[in-house]
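Construct the complete structure from the given sequences, taking the supplied hints into account.
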Amino acid sequence: MSILYFSIGSLIFLFIIADIIKTTFSLNGGGKLTNLVSRGVWNTFFVASAKKGNSKLLEYAGPAVLVSILVVWVIGLWSGLFLMLLSDPSSVVNSITKENTGAWEKLYYAGFTLSTLGVGDYIASNNFWRVITDIAAYSGLVFITTSITYFVPVLSAVGLQSKLSLYISGMGKSPQQVLEKAWNGKDFSSFFDTVSDLCQMLMHHTMNHHSYPVIHYFHNNQLNLAIAPAFVKLDEVHQLLSNALKDDVTLDNLKMNMLQTALDQHLEMLRKGYLKEGSPKEQVPALTEQVSKLGVAFRKPEEINHRSDQALAERRKLLTVMLEKDGWTWDAVHQSNGYSRHQQF
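Position in the sequence shown (first residue = 1) + 341 = the working numbering.
Keep in mind that a hint or two might mislead.
Computed Cβ-Cβ distance ranges for the label pairs, DEER-style [said to hold, decoys possible]: (1) S431 with L377: 35 to 41 Å; (2) V472 with M544: 45 to 51 Å; (3) T385 with T487: 44 to 50 Å; (4) D462 with L501: 45 to 51 Å; (5) Q601 with S531: 17 to 23 Å; (6) L595 with K622: 34 to 40 Å; (7) N594 with T487: 41 to 47 Å; (8) S531 with E623: 31 to 37 Å; (9) T487 with S343: 30 to 36 Å; (10) A405 with S497: 16 to 22 Å.
These aren't lab readings, by the way, just hints derived from the structure by calculation. On a predicted model such as this, the values are computed, not experimentally measured, just so you know. Beta carbons: idealized from backbone N, C-alpha and C, even for Gly.
Dropping the structure here:
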């Protein structure tokens, strides 16, 4: 019996099981192998689509990530069990002749054991290998079934992501338009009427990211359904209300704090898991570019400059990275119906 083959096979088998457990049962993100495969598949699609968010090719990245993860798990369990069986020439025998099997027969036996197919033309040779076979069969039944059922809540989370994007897009085509529609002549009460629903959906979406990190790689090439521009648009609305309003305009401070918390939590989750190695390639637009024609409720651009700080500048750089890593630019946030952040009002 080869201890080396058995040890390597056991480690591979246990590593895959640990990765499946971490990915499907943990609320703190996927396993290391799952994350590696997810990033690799996404980057392949992202490069192939020329890093353009409106590319139809990127719509297939999310499903490809799920399928790739499942394939890697199956191959990992299969190869791990195969190496364990390969460590002993007599581990598996022909059920009729009782002759030892070769590598191909052991590979076949490992496959139908994990799938619980139970063909029976080959059997374990002794009690030790019978126990290993039982463990592998139960593992295959539980973990492969769990892997497939894991897809259902993932797709549900993707649906919520699209719903959140569409909800924000429906409020306005740009941060300026959202505020223009919400202004009633004295305050923005109609905007704050939506904040509770927005916060609930955004926090739910953030929790889904922790539980099912693969949803980050589900991309929609339709701008009104894309989550990155929608999130940045909502954050811009909040920043304008926080930094650019005149002092005599009344805000709902409770709902402003709720929205700030929901936005901060989501952005921090993205920063730690997906944006930590990024630096913006596009020039970050100044907040003052957006307020030149927002009406009497807002300060003049030159007054806002004195209210800006380093934290806001860093936040906007992070938002730029968020857009770029999803194939979008700031024009996706500010350009709609002919509007561009580069044109003057």
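Going down the list of hints, with the structure as the test:
no. : hint                       : result
1   : S431 with L377: 35 to 41 Å : 37 Å, holds
2   : V472 with M544: 45 to 51 Å : 47 Å, holds
3   : T385 with T487: 44 to 50 Å : 26 Å, violated
4   : D462 with L501: 45 to 51 Å : 47 Å, holds
5   : Q601 with S531: 17 to 23 Å : 19 Å, holds
6   : L595 with K622: 34 to 40 Å : 38 Å, holds
7   : N594 with T487: 41 to 47 Å : 45 Å, holds
8   : S531 with E623: 31 to 37 Å : 32 Å, holds
9   : T487 with S343: 30 to 36 Å : 31 Å, holds
10  : A405 with S497: 16 to 22 Å : 19 Å, holds
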